[in-house]
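Novice: Residue numbers (UniProt numbering), protein chains in the order written: chain A, 1 to 252; chain B, 1 to 356.
Calculated directly from the structure, the hints in this document are not laboratory data. Careful: at least some of the hints might be erroneous.
Stated by the list, open to error - Not close to chain A: a few residues of chain B, all C-beta gaps over 10 angstroms, as computed:
#1 Arg12
#2 Gly15
#3 Lys23
#4 Ala103
#5 Met131
#6 Lys145
#7 Arg170
#8 Asn172
#9 His180
#10 Glu282
What the hints assert, rightly or not - Here chain B is said to cover these stretches of chain A; the calculated rule only asks that three of the stretch's residues, wherever they fall, bring their Cβ under 8 angstroms from a Cβ of chain B:
#11 171 to 185
#12 215 to 229
Ideal Cβ positions, reconstructed from N, Cα and C, are used throughout, including at glycine.
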Amino acid sequence: MSTSVKSKAVEREQLTDNHHSGEEKIITRRQTAVYVYEAPVRLWHWITVFSIITLCVTGYFIGQPLPTQPGEASDNFLMGYIRFAHFAAAYIVTIGFIGRLYWAVVGNSHSRELFFPKFFVKAWWKEVWHEVRWYLFMEKTPKKYIGHNPLAQLGMFFLFIVGMVFMIFTGFALYSEGAGQGSWQDTLFGWVIPLFGQSQDVHTWHRLGMWYLITFIMVHVYVAIREDIMSRQSLISTMISGWRMFKDDKPD
Amino acid sequence: MSQLETFYEVMRRQGITRRSFLKYCSLTAAALGLGPTFAPRIAHAMETKERTPVLWLHGLECTCCSESFIRSAHPLVKDVVLSMISLDYDDTLMASAGHQAEAILEETMQKYKGKYILAVEGNPPLNEDGMFCIVGGKPFLDQLKHAAKDAAAIIAWGSCASWGCVQAARPNPTQAVPIHKVIKDKPIIKVPGCPPIAEVMTGVITYMLTFGKVPELDRQGRPKMFYSQRIHDKCYRRPHFDAGQFVEQWDDEGARKGYCLYKVGCKGPTTYNACSTVRWNEGTSFPIQAGHGCIGCSEDGFWDKGSFYDRLTDINQFGIESNADEIGTTVAGGVGAAIAAHAAVSAIKRAQHKGE
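Given the sequences, and given the hints that come with them, work out the whole structure.
Specialist: This is the structure we're talking about:
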């Protein structure tokens, strides 16, 4: 991975040199594939996908339960299984999220993109604006990016990271009610309930959070497919293989 | 009212035998969730401690807390009021009235400075300088602050004193506030409920008198012994919840079979109280047992959490009455439509530039 980044850096230098010498011709170059998403990141991504699907479906049916089951209470445990699946998926997604935070520390530079958008870099905001224009069909060609483009970083941070943290905190606060006072869930997250008012308020906010994440997923999936088709680099296969392919050899 | 008289002496004077006294101590220990070893400790405390006076103030309230209190079965309120505590001032229960009553309040406050327990039923309105609640010719707010100054501890009876309850519900014209918004320098024990369960009320007082300290409180100031679990956690209909068997309509088969009231808005899963264990009226029943969902009366702002019969709370801030799912589907639908439109334009643009 480090070699590919280095090769890119060299290419960049050549491009600027050519630019300074005032050459007008379009410089072509060969861009090799770049290894962007390391295995733990990809694994985390897909675990999170399946966990969140489970959480949304089960969560929806916790708030609006399925029709009444026939027979004796002792013959059924539907709500119990739904809640078990919800809690199990919640633990998986939370442990995964903590693991992902750890990987942001030890992983490659792209593993940090989601957590630290460059809010204080003016050039970064310029590129956000460029991406916005690209999405409004005001730019003919998008830029090339090895990792996330700045607009994507912004979206991932506010829709996904903030949404996930919110759901983990409110979710574990609600879970602590069942786990009981004095449990570690209560010690760590119990304070969230009076912060929102009372338990019913936290339930309402947690459900709004679900719809927030569903909205994120819709945008995320659409944009990933669209970028895969219309941008100048691979998107979907990258999250499977880890390698970013570029479709043309033109400059950024 | 002798200053040296102990609880035990008062009880004996009232003709209670030692045997009955010891039984009572065991019963109280059990009611408080304490082990058998605590019964002798309670007995010892009652034999040696002098009675602690309780001043009971009434602010903006409906007296449902008092009504509940006098129906206590274990320990009998007769024992509590007449023997254990010296309820020196309670303008609803006391014999004297007017200036005489107010004089007793002052006398007790001076005599037992820093020792008495202040029990507050109701809450003070702050609007118009507190003129919406006048006691003895003065705003209740003044009386509350005055009586709280030298109290050892304060008990907030009911949801009014604890959270604000009905008079603090939107739009709260009198600006009624729970007492912890006014008194900040004293330990406040919240005993919420509209009203609280009688045995919970007497249990809290008994604990404080016996052990001379505030019971262990949760994060929001409620005694853990009665408010650490939700109605739902100990509900006898819980197996129907786990099985997924619900009352869908008030007149359906599920209602007749006593299924879970979750879908018709029971607030048991979000309400901390002892109703499903202690129950009401000497353990006779409680709302869910009577076939109606819990309305969450011991929770903060329960009047403002939408209908008692909705599972998902209406969110009025959005201008229209809609719950989280209605808002969510609207937003998701809007985003979906936007995505479809964007995708269509993208496809057209791509077709236009094909081959470039």
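Novice: Does each hint fit the structure? Answer for all of them.
Specialist: Now the hints, each set against the structure:
1. Separation of Arg12(B) from chain A is adequate, the least Cβ-Cβ distance of about 39 angstroms exceeding the 10 angstroms criterion.
2. With a least beta-carbon separation of about 42 angstroms from chain A, Gly15(B) lies farther than 10 angstroms from that chain, consistent with its non-interface assignment.
3. The claim that Lys23(B) is not at the interface with chain A holds, since no C-beta of that chain comes within 10 angstroms of its own (minimum 31 angstroms).
4. With a least beta-carbon separation of about 40 angstroms from chain A, Ala103(B) lies farther than 10 angstroms from that chain, consistent with its non-interface assignment.
5. Here Met131(B) stays apart from chain A, with its beta-carbon at least about 29 angstroms from theirs, past the 10 angstroms limit.
6. Non-interface status of Lys145(B) relative to chain A is upheld: no Cβ of that chain comes within 10 angstroms, the nearest being about 25 angstroms off.
7. Every CB of chain A lies more than 10 angstroms from the CB of Arg170(B), the least distance being 13 angstroms, so the non-interface label holds.
8. No beta-carbon of chain A is positioned within 10 angstroms of the beta-carbon of Asn172(B); the least distance is around 15 angstroms.
9. Look at His180(B): its CB is around 12 angstroms from the nearest CB on chain A, clear of 10 angstroms, so calling it non-interface holds up.
10. Chain A leaves Glu282(B) outside its interface by the beta-carbon criterion, the shortest separation being 28 angstroms against a cut-off of 10 angstroms.
11. As drawn, the segment 171 to 185 of chain A meets chain B at 4 residues by the rule of a beta-carbon pair under 8 angstroms; at three or more, the given contact holds.
12. For the segment 215 to 229 of chain A, the assignment as covered by chain B holds, since 6 residues bring a beta-carbon within under 8 angstroms of that chain's beta-carbons and 3 suffice.
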